[in-house]
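Read off the chains here:
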Amino acid sequence: MAETLPRTRAALAAWDGRDLPPEAAFAALADELAAALEERRIGDVSQRLNFEQPGMRALLLRTARAAPRLAAPYAQTLPALDARWSEAETWKLIRRAGGPTTSLYLLRAVDMTRTPDGEIRAVAPDQAVFVTLFLRTLWVSLIVTVACVVLGWPVAAAIAALRPPWSSAALLLVLVPFWSSVMVRSTAWFALLQREGPINDALLLLGLADAPLQLVGTRFAVLLATIHVLLPVAILPMVGVMTRLDRRHLQAAASLGASPWLAFRRVWLPLSLPGVAAGGAMTFLLAVGFYITPALVGGERDQLVAWFIAQFLNRDVNWGMSAALSVYLLAMAGAVIALLRVLTGGVTPAGVRA
Amino acid sequence: MQRPSGLLLGVTALVLAFLTAPMLAALWLSFSPTELLRFPPPGLSLRWYADFFGNERWVLATRNSLIVATATMMVATALGTAAAIGLHLGNFRARGLLVALLTLPMVTPFIVTAAAMFFAFSTVGLAGTLPGLVLGHTVVAVPFVLITVLASLSTFDATLLRAAASLGAPPSLALRRVLLPRIWPGIAAGAVFAFATSLDEFVITLFLAGPGQFTLPRQMYANVREYMTPTILAAASLLFLASFAFLLLTEALRRR
Chain E
54 MAETLPRTRA ALAAWDGRDL PPEAAFAALA DELAAALEER RIGDVSQRLN FEQPGMRALL
114 LRTARAAPRL AAPYAQTLPA LDARWSEAET WKLIRRAGGP TTSLYLLRAV DMTRTPDGEI
174 RAVAPDQAVF VTLFLRTLWV SLIVTVACVV LGWPVAAAIA ALRPPWSSAA LLLVLVPFWS
234 SVMVRSTAWF ALLQREGPIN DALLLLGLAD APLQLVGTRF AVLLATIHVL LPVAILPMVG
294 VMTRLDRRHL QAAASLGASP WLAFRRVWLP LSLPGVAAGG AMTFLLAVGF YITPALVGGE
354 RDQLVAWFIA QFLNRDVNWG MSAALSVYLL AMAGAVIALL RVLTGGVTPA GVRA
Chain S
8 MQRPSGLLLG VTALVLAFLT APMLAALWLS FSPTELLRFP PPGLSLRWYA DFFGNERWVL
68 ATRNSLIVAT ATMMVATALG TAAAIGLHLG NFRARGLLVA LLTLPMVTPF IVTAAAMFFA
128 FSTVGLAGTL PGLVLGHTVV AVPFVLITVL ASLSTFDATL LRAAASLGAP PSLALRRVLL
188 PRIWPGIAAG AVFAFATSLD EFVITLFLAG PGQFTLPRQM YANVREYMTP TILAAASLLF
248 LASFAFLLLT EALRRR
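Sequences listed follow chains E and S, in order. Each residue of the first sequence is one higher than the one before, counting from 54 in our numbering. Each residue of the second sequence is one higher than the one before, counting from 8 in our numbering.
A portion of the hints provided could be inaccurate.
Stated by the list, open to error - Listing some non-contacts, in silico: residues in chain S with all C-beta distances to chain E over 10 Å:
| no. | residue |
| --- | --- |
| 1 | P29 |
| 2 | M30 |
| 3 | A57 |
| 4 | V66 |
| 5 | I74 |
| 6 | L168 |
| 7 | R169 |
| 8 | S173 |
| 9 | A203 |
| 10 | A259 |
Unchecked claim - Just a few of them, taken from the derived set where beta-carbon distance is under 8 Å, the chain S residues facing chain E:
| no. | residue |
| --- | --- |
| 11 | T19 |
| 12 | E42 |
| 13 | A78 |
| 14 | A127 |
| 15 | L240 |
| 16 | L254 |
Keep in mind that the hints were calculated from the coordinates and are not lab data. If you're wondering where the values come from, they're calculated on a predicted model, not measured in any experiment. Glycine included, C-beta positions come from ideal geometry on N, C-alpha and C.
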């Protein structure tokens, strides 16, 4: 923006914002747009302004093409070409976009926008997608985390309680999926969830379905595969904490007459809580930024923030939006880490890969 | 809980089955003689493995993956080991902060790390290049090297270095003859971690790789979206076996 329209920016900086900008701004804009079109530099500016105000791309391209034919005074010939040049809002938009920083993307990532006068308000309901997206990411991550902790706790407890050859065998069965790549396991799920695949066969066989179900592309598939991929991440920190527990606490509880259930509830569970917090937090951290599994087995409506970051970066080439979404995602992860530090007194799990 | 109850063992068995079954099923299906992903496959064949090794795209992707993983392993192991030694032997106040900073990529959402690297690398022209890709993988691989080497250093007695110095050994010699022979299993385990991390990495590759730079995970992703064939499962099974070998290797190194 600053590189493509430097003189327009300078001319607009002197403008008081009332009525219309001076003739110098009109002339500079016509001249610089024509030059940008000639040198094929107009794409960035038009995309940037079009994102803020749909229709700007067409306006800029049209103006740039017509500019060489126009003559002074541009303050009259430009509005004659397109009435929007006689609106102060259009010029304010260009002036605001010319600044070195903008809050546009950070606001848009939470479905807010700025009016030409600088007022912050919610975007039109049909454009409001990001708050829903963050809530969906949060919701999916929470379900996955809770499921992983609930499914993983008994496994960790059993590994801690079993005797050596058996405990190592069980631990190996957790470590193997932990080490194998996320892409490999997601691909396996994709194959198993096919319409003619084994899961559907099993459902038909068990009488749970009358006809093969479309499983790939559903929220169910995303949850199932994500829980499977992240389960070892939840189990391993819990194993770490539980194997280090002092078993004499339990013996003491038993010798004092506590039933197994009471001993579990009042002694075993509270003692294992740091592991639960560490495993849960690690799972949540990976889940909020998860990309591969939802992208492979989920549909358009099941994608999380990570997918949109990738889309804005790779397909739409809108770096501002993907950076803004990344900032919020990072803030979410930071909040979880801070919470974990408070809960566990500064112990962070290490050695977890995904 | 002196002895685990039957209920606990039953639930554990079910969850462990859930954990392992999908991969075993995919492994089995990769040997299917037909294109249908049906259970049970009507026989066993190596057809899809032959297809994998006969297909130029898969072979190229495998080669790319190995090149990037080897380069990442070397850079990350060198950097991570040096950092760990410095952090362990050095006596300075910012030590904890530095460890936290260096292990930050482990707790940062991968997509954020990847996007941030893409922005940074684009401004210096590293995006879409092989060195850029290796550097990107190195960033996420270094924490694993750092942590494994730090762990093996924690059992190393630093007075041995002082003894070496008092006997006239210059620091480089003491490092080579005294320190490294004692911590090499940790370094080797870190190197395996780094190699495995790079081999599996997808998100950073998605952003930083050039249009022609297909690694195995990227090729798999592209093929799954296009058309699911058992060849992809053959690729997945090969990667799975590789990670299984890495696991056994690190366990063996841990025992030393």
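Hint-by-hint comparison with the structure:
1. Non-interface call for P29 (chain S) relative to chain E: violated, since the shortest CB-CB distance, roughly 5 Å, does not exceed 10 Å.
2. At the 10 Å boundary, the C-beta of M30 (chain S) falls inside the reach of chain E, the nearest C-beta of that chain being 6 Å off.
3. Distance to chain E confirms A57 (chain S) as a non-interface residue, since its nearest Cβ pair spans about 19 Å, more than 10 Å.
4. For V66 (chain S), the non-interface assignment is confirmed: its Cβ lies about 18 Å from the closest Cβ of chain E, beyond the 10 Å cut-off.
5. No Cβ of chain E approaches the Cβ of I74 (chain S) within 10 Å, the least distance being about 18 Å, so the stated non-interface status holds.
6. Every Cβ of chain E is farther than 10 Å from the Cβ of L168 (chain S); the closest lies at roughly 25 Å, confirming the non-interface assignment.
7. Every CB of chain E is more than 10 Å from the CB of R169 (chain S) (nearest about 29 Å), matching its label as outside the interface.
8. No beta-carbon of chain E comes within 10 Å of the beta-carbon of S173 (chain S); the shortest separation is about 35 Å.
9. Remark: the non-interface label on A203 (chain S) conflicts with the geometry, its nearest Cβ contact in chain E lying 7 Å away (cut-off 10 Å).
10. Non-interface status of A259 (chain S) relative to chain E is upheld: no Cβ of that chain comes within 10 Å, the nearest being about 13 Å off.
11. A least Cβ separation of about 4 Å between T19 (chain S) and chain E falls short of the 8 Å threshold, and the interface hint therefore holds.
12. Hint status for E42 (chain S) relative to chain E: violated, with the closest Cβ pair at about 11 Å, above 8 Å.
13. Evaluation of the A78 (chain S) hint against chain E yields a violated restraint, the C-beta minimum of about 19 Å exceeding 8 Å.
14. A cut of 8 Å between beta carbons decides the hint on A127 (chain S): the least distance to chain E is about 11 Å, and the hint is violated.
15. Proximity of L240 (chain S) to chain E holds as hinted, the smallest CB-CB distance being about 6 Å (cut-off 8 Å).
16. Annotation: L254 (chain S) was flagged as interfacial toward chain E, and the flag holds, the nearest CB pair being 4 Å apart, inside 8 Å.
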